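Sequence lines, in order, name chains V and D. The first sequence begins at 1 in the numbering used here and counts up one residue at a time. The second sequence begins at 1 in the numbering used here and counts up one residue at a time.
Keep in mind the hints are simulated off the structure, nothing from the lab. These numbers come from a predicted model, not from an experiment. It cannot be assumed that every hint is accurate.
Identical copies look the same in the list; a pair holds intra-copy or inter-copy alike.
Straight-line alpha carbon distances no greater than 30 Å define the calculated DSS-like cross-link-like pairs of lysine-lysine that follow [as the list claims (entries may be wrong)]:
no.	residue 1	residue 2
1	K86	K151
2	K485	K448
3	K43	K32
4	K485	K449
5	K151	K379
6	K183	K150
7	K151	K96
8	K229	K282
9	K68	K150
10	K150	K96
11	K191	K282
12	K59	K43
13	K475	K449
14	K68	K96
15	K191	K250
16	K379	K229
17	K36	K52
18	K59	K393
19	K393	K485
20	K151	K275
21	K337	K151
22	K250	K229
23	K70	K378
24	K393	K448
25	K43	K86
Protein chains: 2
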Amino acid sequence: MEFGVCKQEMLQKKNAVLVDGVILNGPIMDSKAGEKFVEDACKIIMEEVVQKADDVTEKVCEWQAPEKLKQILDLEMRDTGECHQKVLQLCRDVIKYSVKTNHPRFFNQLYAGIDYYSLVARFITEALNPSVYTYEVSPVFLLVEEAVIKKMIEFIGWEEGDGIFNPGGSVSNMYAMNLARYKFCPEIKEKGLSGLPRLVLFASEECHYSMKKAASFLGIGTENVYFIKTDERGKMIPEELEKQVQRARKEGSAPFLVCATAGTTVLGAFDPLDKIADICEKHGLWFHVDMVERGMWLESVLELRPAVTLKAKKYSTIKAKSKIQASWGGSALISRKHRRLLHGIHRADSVAWNPHKMLLAGIQCCALLVKDNTGLLKKCYSAEAAYLFQQDKFYDVSYDTGDKSIQCSRRPDAFKFWLMWKALGTTGLEERVNRALALARYLVEEIKKREGFQLLLEPEYANVCFWYIPPSLRKMEDGPEFWQKLHQVSVMCYLRFTD
Amino acid sequence: MEFGVCKQEMLQKKNAVLVDGVILNGPIMDSKAGEKFVEDACKIIMEEVVQKADDVTEKVCEWQAPEKLKQILDLEMRDTGECHQKVLQLCRDVIKYSVKTNHPRFFNQLYAGIDYYSLVARFITEALNPSVYTYEVSPVFLLVEEAVIKKMIEFIGWEEGDGIFNPGGSVSNMYAMNLARYKFCPEIKEKGLSGLPRLVLFASEECHYSMKKAASFLGIGTENVYFIKTDERGKMIPEELEKQVQRARKEGSAPFLVCATAGTTVLGAFDPLDKIADICEKHGLWFHVDMVERGMWLESVLELRPAVTLKAKKYSTIKAKSKIQASWGGSALISRKHRRLLHGIHRADSVAWNPHKMLLAGIQCCALLVKDNTGLLKKCYSAEAAYLFQQDKFYDVSYDTGDKSIQCSRRPDAFKFWLMWKALGTTGLEERVNRALALARYLVEEIKKREGFQLLLEPEYANVCFWYIPPSLRKMEDGPEFWQKLHQVSVMCYLRFTD
Chain V
1 MEFGVCKQEM LQKKNAVLVD GVILNGPIMD SKAGEKFVED ACKIIMEEVV
51 QKADDVTEKV CEWQAPEKLK QILDLEMRDT GECHQKVLQL CRDVIKYSVK
101 TNHPRFFNQL YAGIDYYSLV ARFITEALNP SVYTYEVSPV FLLVEEAVIK
151 KMIEFIGWEE GDGIFNPGGS VSNMYAMNLA RYKFCPEIKE KGLSGLPRLV
201 LFASEECHYS MKKAASFLGI GTENVYFIKT DERGKMIPEE LEKQVQRARK
251 EGSAPFLVCA TAGTTVLGAF DPLDKIADIC EKHGLWFHVD MVERGMWLES
301 VLELRPAVTL KAKKYSTIKA KSKIQASWGG SALISRKHRR LLHGIHRADS
351 VAWNPHKMLL AGIQCCALLV KDNTGLLKKC YSAEAAYLFQ QDKFYDVSYD
401 TGDKSIQCSR RPDAFKFWLM WKALGTTGLE ERVNRALALA RYLVEEIKKR
451 EGFQLLLEPE YANVCFWYIP PSLRKMEDGP EFWQKLHQVS VMCYLRFTD
Chain D
1 MEFGVCKQEM LQKKNAVLVD GVILNGPIMD SKAGEKFVED ACKIIMEEVV
51 QKADDVTEKV CEWQAPEKLK QILDLEMRDT GECHQKVLQL CRDVIKYSVK
101 TNHPRFFNQL YAGIDYYSLV ARFITEALNP SVYTYEVSPV FLLVEEAVIK
151 KMIEFIGWEE GDGIFNPGGS VSNMYAMNLA RYKFCPEIKE KGLSGLPRLV
201 LFASEECHYS MKKAASFLGI GTENVYFIKT DERGKMIPEE LEKQVQRARK
251 EGSAPFLVCA TAGTTVLGAF DPLDKIADIC EKHGLWFHVD MVERGMWLES
301 VLELRPAVTL KAKKYSTIKA KSKIQASWGG SALISRKHRR LLHGIHRADS
351 VAWNPHKMLL AGIQCCALLV KDNTGLLKKC YSAEAAYLFQ QDKFYDVSYD
401 TGDKSIQCSR RPDAFKFWLM WKALGTTGLE ERVNRALALA RYLVEEIKKR
451 EGFQLLLEPE YANVCFWYIP PSLRKMEDGP EFWQKLHQVS VMCYLRFTD
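Bound-form chain V, shown alone (with noise of 0.2 Å):
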């Protein structure tokens, strides 16, 4: 701790103010200093991280297992600070054995590659430090806000709607599932569920875990999520939905949400929207999609290498992305050559869209949208706090928007899409996308070729599930011990690229 000055010299000065021991009007800190630190600190993000970024040559990551890691860092918190150059190889040191999620072969979970227009964005949001709850003290990135939702609205094809920025996508679906709950009996609000029938929603046998997440957080409980059967390409079957749906009526329950899902964890299949809406019509049930595109990440396909196959359930899924910087439109909606994966989303009532993944916006990005402009989200989440949300303010207070959201403060995550999205048009996020569908068509096409490799099946988006069977194997036979044996090749190849 530099930042110390003597209390001595401090006392000695005219007009020093004691109280209980501390001096009130004495320096405490050198600005000067910090500002240095803060300086130095950004020559060594730069450099370290910025820099390096698109460089293959670097490693992705320093690999040290949990205990050695442990001894090599520093990270018992002492009673005395350290100095400004010992906290400056503490960064040093954790950027060096931290991942570089920028770096080309970053082949892990949900995204990768840098966008240097969000990550402008992202420094701003920290330099300022802002909360969006009121207008008062975050009127720029209320605003934002606003403008982002509306466009995104646009995108999905509503003619009007609401919306939120939220701590991730698992949240986000969280959101709609008591949005729809709200929608079907308001009084739980008050009186919550205890006596009421059993309320049951309904999402594919391949939709994302936080589906489970959200019902049991939401007391609504895990085995009232009823999972729909898919076909081969893993998308919801909309006749199995609808004997679940006519089942959970016999049974008495109350069947209230569908969760149709636009882009699985592992096939990246899309359930066929338009006739899920159908039968949401008929049932005057809820029906949300979940665009949050979830997988990993493929950085460069045309270095195609066995190292890159990654274990998912039973297959190893890729989404390809393109060479240097990939940003898909949080799903293909922002492309007019592939939107008609998602046709029939604008019969949904609410969708989740999370640009920090494909949209590289950086984590967390993510927008719960809303088709009611009845103000729903609001009536639904309202707690109507006194000291934050005063109704007697000298501006238009439907511009303090916290009172939707289950959090106090919020972070401006609209603001770095909105940044990117300035910076690079629709027509940039739309190259993007259709360049990362080219490169999944690449992919698919080595894979054909080359020995060795297996493709599951045909893919209808970016994901693409194959099998790398590495020469030991392939004249091994069909059975427990071969697929044993093929389940630790990924395990093997995330060492590979960390050496």
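Given the coordinates of chain V, work out where chain D should sit on it, guided by the hints.
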């Protein structure tokens, strides 16, 4: 968009791979231009935000009403992207019209000021863009989170425990509520609340509004939060709690949780934790302590002016903080001098603690800490997603803590607290807590001396509640008109800061 490369030019190159009209192996982005953009933007951030952070002569905010600000900012996202110079100008405008929460005169809710170490940690986080679910993608950040949680547990006074960082104190309170419910009846995770007796929880009538939000979200219902009367200082009255628990039992409902507040929003009151712990023990109730500090902040009490009044409920409340920089322990826990306020905290089953407010770790940095060390957190929250949490990895998968969370992608928020703690040391943090409370004491003495200021009550913590009565109202009789006019004072004051 300056990164576009002429397609014709690329096609003429050897080995161009064209798929679906996309050239796959051409550069789609000039990373040097991207890096230059980041450098230019960082310069703006340093000059316009960081270096101006402690300059009282700068404006807190270039205030504009919503409709006017929309006109000024170019919010529309278009088909075509903007050039770097235009995007840099947008960054300048965003900064210009945003509220500077770092500013010495920022007196709105929850926090103010700048901490250079946590800021650097946040920059590192944004550049690396990690997600903390598995050790393989976030080795450093998961170990850091473990170390920070261990240290926080030490300060609470537990021998062991568990914990997780969440997107906000409200979410931490939800986690605790769900955890208490799971402990009360693990079957709820699968079966839900339907058909069960009415669950009831207890919190003081001065508790944070997140209790109601949580009860609503979790399907418990806001009416099943029994609000316990407080004394004249805003503290929960234990005898009233006892009565309400008995009332709930008589009604045939199922009491399961008591939420005590350590530092209420307005008065900064500390519920009597030790006595509440007795009642919880007697009745077998989960004991949660919400020590997510709230209220407004006073940057510079040495320059007390009428303008510092801000309305909350019926009185003004201001948390005193150091002149240049404030950082309290997220509570008084860090200070040997003041931790007596939290006497009995070690008896809690769970604690919500936000280092992002008083400790200035940056939005958001919020921990839920749990005394249980038998894996309750994981049992309660896990969904065991196969694509993320494989059990056959090549390292100890107990470090894959993501399944303790309701989130999938999760930010490494513990890191900013850790780097700050490393730099300042516990002593540095402690000095700030002591300083903040000394400032509060000074403010109280000033209020007593100055005409037109009326102290509401002697504070026990850092919330100083008082009225500023302007000259025009000083001779007026107490009555509805007087209060109506007095309430308007706080709204008018806000304008002063932004002029």
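**Request:** Have a look at K379 and K229 and pick one of within, between, both or neither, based on CA distance no larger than 30 Å.
**Result:** Classified as between: cross-chain Cα gap 27 Å, same-chain 35 Å, threshold 30 Å.
**Request:** Evaluate K475 and K449 at a C-alpha cut-off of 30 Å and name the case that applies: within, between, both or neither.
**Result:** The answer is within: 18 Å in one copy meets 30 Å, while 92 Å across copies does not.
**Message:** Checking an output row: K250 and K229, CA cutoff 30 Å. Within, between, both or neither?
**Reply:** within (19 Å within a copy, 46 Å between copies)
**Item:** Homomeric proximity label, K43 with K32: Cα distance no greater than 30 Å
**Value:** Classified as both: same-chain Cα gap 17 Å, cross-chain 16 Å, threshold 30 Å.
**Asked** Is the C-alpha distance from K229 to K282 at most 30 Å within one copy, between copies, in both cases, or in neither?
**Response** within (20 Å within a copy, 49 Å between copies)
**Request:** State whether the alpha carbon distance between K36 and K52 is at most 30 Å within one copy, between copies, both, or neither.
**Result:** Both: 23 Å inside a copy, 14 Å across copies.
**Asked** When no copy is named, should K59 and K43 be tagged within, between, both, or neither for a Cα gap of at most 30 Å?
**Response** both (20 Å within a copy, 28 Å between copies)
**Asked** 30 Å Cα cut-off: does K70 pair with K378 within a copy, between copies, both or neither?
**Response** between (46 Å within a copy, 23 Å between copies)
**Asked** For K393 vs K485, is the C-alpha pair at or below 30 Å within one copy, between two copies, both, or neither?
**Response** between (66 Å within a copy, 14 Å between copies)
**Prompt:** 30 Å Cα cut-off: does K151 pair with K379 within a copy, between copies, both or neither?
**Reply:** Classified as within: same-chain Cα gap 23 Å, cross-chain 40 Å, threshold 30 Å.
**Asked** Should K191 paired with K282 be assigned to within, between, both, or neither, using CA atoms and 30 Å as the limit?
**Response** both (28 Å within a copy, 27 Å between copies)
**Prompt:** Between K151 and K96, at a C-alpha cutoff of 30 Å, which is it: within one copy, between copies, both, or neither?
**Reply:** Answer is between; shortest inter-copy Cα gap is 24 Å, intra-copy 39 Å.
In this structure, none of the earlier numbered hints is contradicted; all agree with it.
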